[in-house]
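*Asks:* So the sequence lines, in the order shown, correspond to chains A and B. In terms of this note's numbering, the first sequence opens at residue -18 and continues consecutively. In terms of this note's numbering, the second sequence opens at residue 324 and continues consecutively.
In short, the hints are calculated from the structure, not lab data. Watch out, some of these pointers could steer you wrong.
What the hints assert, rightly or not - Quick list of the computed label-pair ranges, beta carbon to beta carbon:
no.	chain 1	residue 1	chain 2	residue 2	range
1	A	Ser9	B	Glu377	24 to 32 Å
2	A	Glu42	B	Leu396	38 to 46 Å
3	A	Thr1	B	Ser350	30 to 38 Å
4	A	Pro21	B	Lys330	17 to 25 Å
5	A	Thr78	B	Thr340	36 to 44 Å
6	A	Thr41	B	Arg333	30 to 38 Å
7	B	Thr353	A	Asp87	42 to 50 Å
8	B	Phe398	A	Phe45	19 to 27 Å
9	A	Glu(-4)	B	Pro394	41 to 49 Å
10	B	Thr402	A	Gly81	42 to 50 Å
These numbers come from a predicted model, not from an experiment. Where a beta carbon is used, it is the ideal one built from N, C-alpha and C, also for glycine.
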Amino acid sequence: AQTVTQSQPEMSVQEAETVTLSCTYDTSESDYYLFWYKQPPSRQMILVIRQEAYKQQNATENRFSVNFQKAAKSFSLKISDSQLGDAAMYFCALGNTNAGKSTFGDGTTLTVKP
Amino acid sequence: SAVISQKPSRDICQRGTSLTIQCQVDSQVTMMFWYRQQPGQSLTLIATANQGSEATYESGFVIDKFPISRPNLTFSTLTVSNMSPEDSSIYLCSVEVGSYNEQFFGPGTRLTVL
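The following block holds chain B by itself, in its conformation from the complex:
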């Protein structure tokens, strides 16, 4: 298993600004994922972040808008750049641990953009 923490837990930001979300894992993991979720809705994968390589973005998400860093095997950041109200959502970090592709999730960052 893995214990994941995220900072901040929530934030209210102004349009046009940027927010960096941190994800810390209590063990070394190869694959980390960043998701977006509207309350009560499904998960939308933003990107996969592997240590030592560029993040792989899903269709509809670009690096300029959501730059990701993965400096080591226990940490990653996701930046939401030039925010608009449409970016208001819950952002989740998750990691894949073990031999069965199980994912463990962080508690999420609730972002509101005014």
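Just chain A, with the same shape it has in the complex:
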């Protein structure tokens, strides 16, 4: 069975500052994918960033980057230069072809203070 753990139910950051959201996971699969999804208040969930487990290089998408530590089964999301529009609930997720479905963490609610 796959598990995803987000230990921070809530986080806050000052506008323009950097924040890191934590995620740990467990899987017996060797080939898998990790995701961070963003769900703004009353708005649709969207994919923020994806990491393939076989890639050592950390994924980056503009102000969003990950710190993927495969041996430690850790997958954190760093948001640089935080903006008010980054305020949302962030979900870490683990997927692989064999499972046929992704496993989601409980989410972290991020507040951005002006």
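Based on the hints, put chain B in the right spot on chain A.
*Replies:* Leaving out everything else, chain B in the frame of chain A:
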């Protein structure tokens, strides 16, 4: 990517009635998922719906309560039957697209049962 629409966007229903939620995708997809989410909470997977086969339900969810149809590769419905106030929630449809198990989500259906 995929664009997903859901109908209705919200509804208020009486106890004991049933509501059918529609999910339409702009491209053909194999796997579709139905989730339930309390506002500000994590996602709970109800079932996986593949075209041409019976839906696979997660523990705690049964077909009599949540019948699902998947008549083709772009459409699915979820019915919430014999509703009670405990069924009040947001119901999300999602699809898996591409080689990386990425999921794209619909905007959700906010259901209130009185």
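*Asks:* Now, for every hint given, state plainly whether the structure supports it.
*Replies:* Here's how the hints hold up against the structure:
For the hinted restraint 24 to 32 Å between Ser9 of chain A and Glu377 of chain B, the CB-CB distance of approximately 27 Å keeps it satisfied. Look at Glu42 of chain A against Leu396 of chain B: about 29 Å separates their beta carbons, and that is not inside 38 to 46 Å. Range check, Thr1 of chain A to Ser350 of chain B: Cβ separation about 35 Å, and the 30 to 38 Å hint holds. For Pro21 of chain A paired with Lys330 of chain B, a C-beta distance near 21 Å keeps the hint of 17 to 25 Å intact.
Checked against the given bound of 36 to 44 Å, the beta carbons of Thr78 of chain A and Thr340 of chain B, roughly 39 Å apart, stay inside it. Taken as a hint, the range 30 to 38 Å holds for the pair Thr41 of chain A and Arg333 of chain B, whose Cβ atoms sit roughly 37 Å apart. With their beta carbons about 28 Å apart, Thr353 of chain B and Asp87 of chain A fall outside the hinted range of 42 to 50 Å. At roughly 33 Å, the beta carbons of Phe398 of chain B and Phe45 of chain A sit outside the given window of 19 to 27 Å.
Taking 41 to 49 Å as the suggested C-beta distance range, the pair Glu(-4) of chain A and Pro394 of chain B conforms, at roughly 48 Å. A hinted range of 42 to 50 Å for the beta carbons of Thr402 of chain B and Gly81 of chain A is inconsistent with their spacing of about 23 Å.
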